[in-house]
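Residue numbers (the working numbering): -19 to 358.
Errors might be hidden in some of the hints.
Said to hold, decoys possible - Pairwise CB distance ranges, derived in the manner of DEER restraints:
1. A93 <-> A308: 32 to 42 Å
2. A182 <-> R124: 17 to 27 Å
3. G329 <-> Q77: 43 to 53 Å
4. A325 <-> T301: 29 to 39 Å
5. D353 <-> G328: 41 to 51 Å
6. E114 <-> A325: 46 to 56 Å
7. S255 <-> R38: 26 to 36 Å
8. A182 <-> D57: 15 to 25 Å
9. S238 <-> Q295: 20 to 30 Å
10. R356 <-> E120: 42 to 52 Å
11. R224 <-> G328: 41 to 51 Å
12. S238 <-> D57: 29 to 39 Å
13. R224 <-> Q295: 21 to 31 Å
If you're looking for bench data, these hints aren't it; they were derived computationally from the structure.
Beta carbons: idealized from backbone N, C-alpha and C, even for Gly.
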Amino acid sequence: MRIPILLSLTVLIGCGGVTSDPLGLDAGGDAGALADASPFDAASLDAGSTLDLKPLPRGVFESTVGLRTPSSDVVGDRSPDPLTGVMLKVPWDLCEQDCLLDTIEGQLDAAHARGLQASLIVLDAFNAPARVLERCARFEYSFRGEPKQMCLPWDEVYLEEKASLLSALGARFDDHPALAYVYFTGACATNGAEGHCRVDEAGYTAAGYTEARLVEAYLRIMRAQRAAFPRTPIAFEVHAIFGRAEPWASLWDEVKASGRVGVAAWWCAERLSLSGDEITPVWGLVQEAATSAFSVCQTVGSFSSQPYRFSDPAQGFDYGTETDWDAADVNQAFEQTMDWAQGRASHGGQGPIVPFSVLEPWSQDVVNPAFVDRLRTW
-19 MRIPILLSLT VLIGCGGVTS DPLGLDAGGD AGALADASPF DAASLDAGST
31 LDLKPLPRGV FESTVGLRTP SSDVVGDRSP DPLTGVMLKV PWDLCEQDCL
81 LDTIEGQLDA AHARGLQASL IVLDAFNAPA RVLERCARFE YSFRGEPKQM
131 CLPWDEVYLE EKASLLSALG ARFDDHPALA YVYFTGACAT NGAEGHCRVD
181 EAGYTAAGYT EARLVEAYLR IMRAQRAAFP RTPIAFEVHA IFGRAEPWAS
231 LWDEVKASGR VGVAAWWCAE RLSLSGDEIT PVWGLVQEAA TSAFSVCQTV
281 GSFSSQPYRF SDPAQGFDYG TETDWDAADV NQAFEQTMDW AQGRASHGGQ
331 GPIVPFSVLE PWSQDVVNPA FVDRLRTW
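Using the sequences and the hints, build the whole thing.
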């Protein structure tokens, strides 16, 4: 039996150097051909619907460690106080597709049974199944000191496999009462989830990258995802790619009229909204989404054990250092970041922001008794 609960699920994929180019496109890419190949277009997706749409997400969704095996359980004994839901992070290659779908459904059902909602993210990049990586044009890169490889986002094999996955996920879970929102992921999500593409730009360009080519590939994925999930809100995480916000701005320009697609900041910290080559170019998109749809704040670290990750003394944010912090730093980092994220105050010279709709705190912070009352106010 299904119960109305929402959780957050993540599925992993990976990125890297080139081994083949089955598309036969030149280095500039044939953006028109890619666009024409899509079975969906923005106009048809925004044409209106008689579907009973799920509400836009609000509240606190715990950012869990994610599923590592088909028997993993991240719902456990969690309760709706102070949580709204749980984030389920699932590698695309967790197991074969039927097993993957069954595993996700089990976690959604468990959340529902506990009165929780869930968000879902299926990780891409190096988490793509071996059967996909063996057939697509690949790019090799390093992630946390380990060699990885990912499909090139514009590779036709990859795009077809991605569309097939999204179709299967939507058919199974778009109507699930626990699923609150689902994440978009693309091939060059270096860690499988986030919007950064932290690879060597020269090498990626030699592999066929152009901004237009990446944008068209990501538009195809987004159109397929919107078609697969007509009822469920979608979110995509943003970092500047090679210092530019344009790839995500292009995606946003296509989806913003729907009012159903939100923007997530998995680097969420007041200091980073003010500085950073990967962050400041996309901050405006986060705020625009907060106004017209929804926005997600996944904190850059755990307040309970990493308050220093919110520090930048030069900007007025001093919550200790990696080797020198205390309980006062923990509490101040938490309270001031919550004030900022909820649009109540600012501490670095900017005015109050448009509040974030969803908070995705780390597990340590969810169980910190000093934080529970404040989390209930989200």
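Now the hints, each set against the structure:
1. A93 <-> A308: 32 to 42 Å: holds, 40 Å
2. A182 <-> R124: 17 to 27 Å: holds, 21 Å
3. G329 <-> Q77: 43 to 53 Å: Check passed, 50 Å falls within 43 to 53 Å.
4. A325 <-> T301: 29 to 39 Å: Taking Cβ atoms as reference, A325 and T301 lie about 24 Å apart, which means the hint is violated.
5. D353 <-> G328: 41 to 51 Å: violated, 25 Å
6. E114 <-> A325: 46 to 56 Å: holds, 52 Å
7. S255 <-> R38: 26 to 36 Å: Holds: the Cβ-Cβ distance is about 29 Å, inside 26 to 36 Å.
8. A182 <-> D57: 15 to 25 Å: violated, 50 Å
9. S238 <-> Q295: 20 to 30 Å: violated, 35 Å
10. R356 <-> E120: 42 to 52 Å: Cβ of R356 to Cβ of E120: about 46 Å, so the range 42 to 52 Å holds.
11. R224 <-> G328: 41 to 51 Å: 24 Å Cβ-Cβ, so the 41 to 51 Å window is violated.
12. S238 <-> D57: 29 to 39 Å: holds, 37 Å
13. R224 <-> Q295: 21 to 31 Å: holds, 24 Å
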